[in-house]
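Protein chains: 2
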Amino acid sequence: MTETSRKRIVILGGGFAGVYTARRLEKKLKRLGARAGEYEVVLVNRDNYFVFQPMLPEVISGSIGILDTVSPLRRLLPRTTIVVREVEDIDLATRTIRTSPGVHPHPSEIRFDHLVLALGTVTDFRGLRGLPEHAMPFKNLADALALRNHVIGALEEAAVEHEEELRRQLLTFVVAGGGFSGVEVAAELNDFVREVARSYSSIDPGDIRVVLLHSQDRILPEVSPKLALFAQKILAARGVEIRLNTRLEAASAEAALLAGGERIATRTLVSSVPSSPHPLIQALSLAKAPNGRVIVTPRLAVDGADRIWALGDCALVPNPDGATFAPPTAQHAIRQATVVADNIAASIAGTKQRSFSFAGLGKMGSLGHRTAVADVFGFQVSGFLAWWLWRTIYLAKLPGWARRIKVATSWTLDLFLQPDLVQLRAGATSGLRHEHYEPGQAVFHQGDVGDSIFVIVDGAAEVLREESATSTRVACLGAGEVFGEMALLGRSVRNATVRCLEPMTILRLPKRDFRLLDASLPALRRSFEDVAAARG
Amino acid sequence: MTETSRKRIVILGGGFAGVYTARRLEKKLKRLGARAGEYEVVLVNRDNYFVFQPMLPEVISGSIGILDTVSPLRRLLPRTTIVVREVEDIDLATRTIRTSPGVHPHPSEIRFDHLVLALGTVTDFRGLRGLPEHAMPFKNLADALALRNHVIGALEEAAVEHEEELRRQLLTFVVAGGGFSGVEVAAELNDFVREVARSYSSIDPGDIRVVLLHSQDRILPEVSPKLALFAQKILAARGVEIRLNTRLEAASAEAALLAGGERIATRTLVSSVPSSPHPLIQALSLAKAPNGRVIVTPRLAVDGADRIWALGDCALVPNPDGATFAPPTAQHAIRQATVVADNIAASIAGTKQRSFSFAGLGKMGSLGHRTAVADVFGFQVSGFLAWWLWRTIYLAKLPGWARRIKVATSWTLDLFLQPDLVQLRAGATSGLRHEHYEPGQAVFHQGDVGDSIFVIVDGAAEVLREESATSTRVACLGAGEVFGEMALLGRSVRNATVRCLEPMTILRLPKRDFRLLDASLPALRRSFEDVAAARG
Chain S
615 MTETSRKRIV ILGGGFAGVY TARRLEKKLK RLGARAGEYE VVLVNRDNYF
665 VFQPMLPEVI SGSIGILDTV SPLRRLLPRT TIVVREVEDI DLATRTIRTS
715 PGVHPHPSEI RFDHLVLALG TVTDFRGLRG LPEHAMPFKN LADALALRNH
765 VIGALEEAAV EHEEELRRQL LTFVVAGGGF SGVEVAAELN DFVREVARSY
815 SSIDPGDIRV VLLHSQDRIL PEVSPKLALF AQKILAARGV EIRLNTRLEA
865 ASAEAALLAG GERIATRTLV SSVPSSPHPL IQALSLAKAP NGRVIVTPRL
915 AVDGADRIWA LGDCALVPNP DGATFAPPTA QHAIRQATVV ADNIAASIAG
965 TKQRSFSFAG LGKMGSLGHR TAVADVFGFQ VSGFLAWWLW RTIYLAKLPG
1015 WARRIKVATS WTLDLFLQPD LVQLRAGATS GLRHEHYEPG QAVFHQGDVG
1065 DSIFVIVDGA AEVLREESAT STRVACLGAG EVFGEMALLG RSVRNATVRC
1115 LEPMTILRLP KRDFRLLDAS LPALRRSFED VAAARG
Chain C
615 MTETSRKRIV ILGGGFAGVY TARRLEKKLK RLGARAGEYE VVLVNRDNYF
665 VFQPMLPEVI SGSIGILDTV SPLRRLLPRT TIVVREVEDI DLATRTIRTS
715 PGVHPHPSEI RFDHLVLALG TVTDFRGLRG LPEHAMPFKN LADALALRNH
765 VIGALEEAAV EHEEELRRQL LTFVVAGGGF SGVEVAAELN DFVREVARSY
815 SSIDPGDIRV VLLHSQDRIL PEVSPKLALF AQKILAARGV EIRLNTRLEA
865 ASAEAALLAG GERIATRTLV SSVPSSPHPL IQALSLAKAP NGRVIVTPRL
915 AVDGADRIWA LGDCALVPNP DGATFAPPTA QHAIRQATVV ADNIAASIAG
965 TKQRSFSFAG LGKMGSLGHR TAVADVFGFQ VSGFLAWWLW RTIYLAKLPG
1015 WARRIKVATS WTLDLFLQPD LVQLRAGATS GLRHEHYEPG QAVFHQGDVG
1065 DSIFVIVDGA AEVLREESAT STRVACLGAG EVFGEMALLG RSVRNATVRC
1115 LEPMTILRLP KRDFRLLDAS LPALRRSFED VAAARG
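Listed in order, the protein sequences are those of chains S and C.
Per the working numbering, the first sequence starts with residue 615, numbered consecutively.
Per the working numbering, the second sequence starts with residue 615, numbered consecutively.
Hints in this document: simulated from the structure, not taken from any laboratory.
We put the beta carbon where it would ideally sit given N, CA and C, even for glycine.
Please note that the accuracy of each hint is not assured.
[Claimed, not checked] What follows is a set of in silico ranges between Cβ atoms, one per label pair, in the way DEER data are often shown: (1) S:A1074 to C:A1083: 35 to 45 Å; (2) S:R1018 to C:P1136: 53 to 63 Å; (3) C:L1031 to S:E777: 43 to 53 Å; (4) S:P721 to C:P1136: 51 to 61 Å.
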């Protein structure tokens, strides 16, 4: 950032909390007149757009344009300096944040006078067996697009696959988490898959399964039991299998493993849980609640810190009763944003600050196909009326007229056009990656085409040679061992089967990457040749 | 493919040639009645959609929905078996094609009775210094999206970059090739960048450069000099710098190098040339023209082969005069498709086959901002009328009513809404990759943050230590040598500058990939440590 004499109000995060704080600050500072010129509002966010979360599930079906669930930050905040970078470090002592380098490989530092923490939470699968490698999160636009393309890819594969078991696996879609987010994803996914499958003449609609896993005894803990039951009935009638009191325990590329040992064969596992505090928030030495949220005063100032504010999902915001806390929803974040902005302005003007107080307007969730559930102003609404409310309220909330017009148009066209089934593949998705295997699962089979080399990170596997219906174990492999090199160094098909013995994480080195390294790093090639020679 | 008693007509390629052949065959076979049941039409394509090429440049500005330039193959061809796979091999002796493996790592073979080659051409930068690594092609939807996101990324970086030189580099966009494709890309890119830059308050519009390079003395060799001159004037008036008689010689990540030695500093280089025959066509032992196109008879049968047909850009199709050949355009491909389909049907029915004959209807190209040039039925039209013709004709040609409605709606909204500037980043783009450097160019500077390790594939570089304004060469590096390992093994910033001495290709191993390999392959780590130790 160019050094200027202006003081900076730096906002970290471009979700509801961050964007609405900046919006309000733009207005407030303008009203402060002369003093406003002293202050610059800076918003740092990884992407150059704001995601309108409630509409994200609609990206799956493409019922609204892919770009219409998001708004460019620069259009929303014309008087704010937008920095599209990753935040790498927050230094409270020097009052500086450091962002990732751009084209220029230099750390970029931004000094702040006021700091607003609006970083939200992250989906964190760490510690859950196989989930970091194989579960798909559903939090931002990239996730939604990845899911859409993955699902269409599974249909394309199923259409040409003639092995019964594999086809069923491809046509099974599992969503873990029965809160609003999981339910909306499951509903949208179910509608989309069943609708577009009609264009695949070789797919039997009876083979399609959409399964929703939920650990409690009813879905939608956010609303009343009556509405939740209504939602359950609607989803079940549309073909979603709801598995209550069921916890996801582990995942592999081919299955979702449930607590208790049951295994659902699938190639698509979406998990809307769990969300963890943002790593940057975790690293800060501020007072935090056991769940990692930053403790703030009713004025939303961070306890014991100077001119540091926190709001939204990363903050623990007390309600006026002093006993309960504000839930992590968009409507609460928006009201908190107003309070933070007003208090920053008041702090600058030297006037009185105010406290956050908001009871919530209600809750709404779309169930797809023109039904929804809503609990607004104490009224419980379900079915078409709730859906109509859902669309109308969110359309009104969507920032900017351009977006509203586009979304309204898409929704209108969607009433009589079929959903799109174009699979957008964004270039090469290959690359080094970790994979998780569960006991009994094969990494590859004898006779398969060899397309990768593997290194065991942890766990164990056996090597089996298959001859006329019998298979003999020829070796066991453990952490640090390499396998699969034969097919890339010489032969083109696998000369043995490798099967997991103990839960195992491996590093996969695809052929393309192996060839690139192999051509340039003789040491690497030698290490693989040694392994191959040792095996004869 | 499941074995069936039905004979297969296998079409390779899902462009205009392939899709219109399948479309016509669906109708023709239906009319053949009883005999039709014996035949199955199979179309193999890498993507599950057909790209309406003429509208592809509009993806850059997002003036029509991203998915609306393409149509799902299954919707276009309901009675054709669609196989979304890469073709890996064509075996004319056994009359079999082999496709890439799917979820199932087994080669998948499809036997054919009739084979239709409609594979088009590929953009092939091989042999052009630095182009494979740094030029962006513009041929399919993924290319168009990548360019759009790259351009928005450059604007975001320019907005926060305060180093003058770097900012100008980011704001310079170079398009090589002044045929229809290059001109349309340059026009659309120019309109888009200048329009959205207005949302970036820190970008000076005067710093933006869009340069069109063309090796001949006028652009648009496809149309008359008069129309070409009109186009040149329009583009120049809008701010496109047209460089005639200028050939692109090499590229690096930071510049386009012209024949003659001039260097245009840029981070964005799009090249619409050169197109080469498809590698699968190259591998076939069929009679081919010097430019690699398959020689066919006027009936579009491949010379000297049995029931093998070829059309579109991969075929050399004679005009009725016997002296000239059909140009590689969509309108010709569509007419050829009709002939191929009719002749296959005639061959099955045992009736007379017909010859291809089509003079072309004319040529059109959009220049953006409601202007175009068109040369239709001998009339030369330019400006708004040509643009209106362009839109109307292409809208009518767009396959399917759903698409037409969506595109017409988007075009209408586009008249009064600003273009979108959302940057869609599709997950991690990191990974092992080659990079090209030209003499004098730095790979990194002393003091930079270290984010990769490098291996020199070919060429040479010098290592410079910079102390109080003087820089001393401490080493020279050549092919096979590793550098940059220090910053990843220990120190976090570069302790020297590495600068290219001779044109150089290097393998970049980003930090993430290095860490993954390093943790699992001790041999690799040792080889880097040896290098580090030798350097002291």
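* Failing hints, ascending? -> When the structure is compared with the hints, numbers 1, 4 turn out to be violated.
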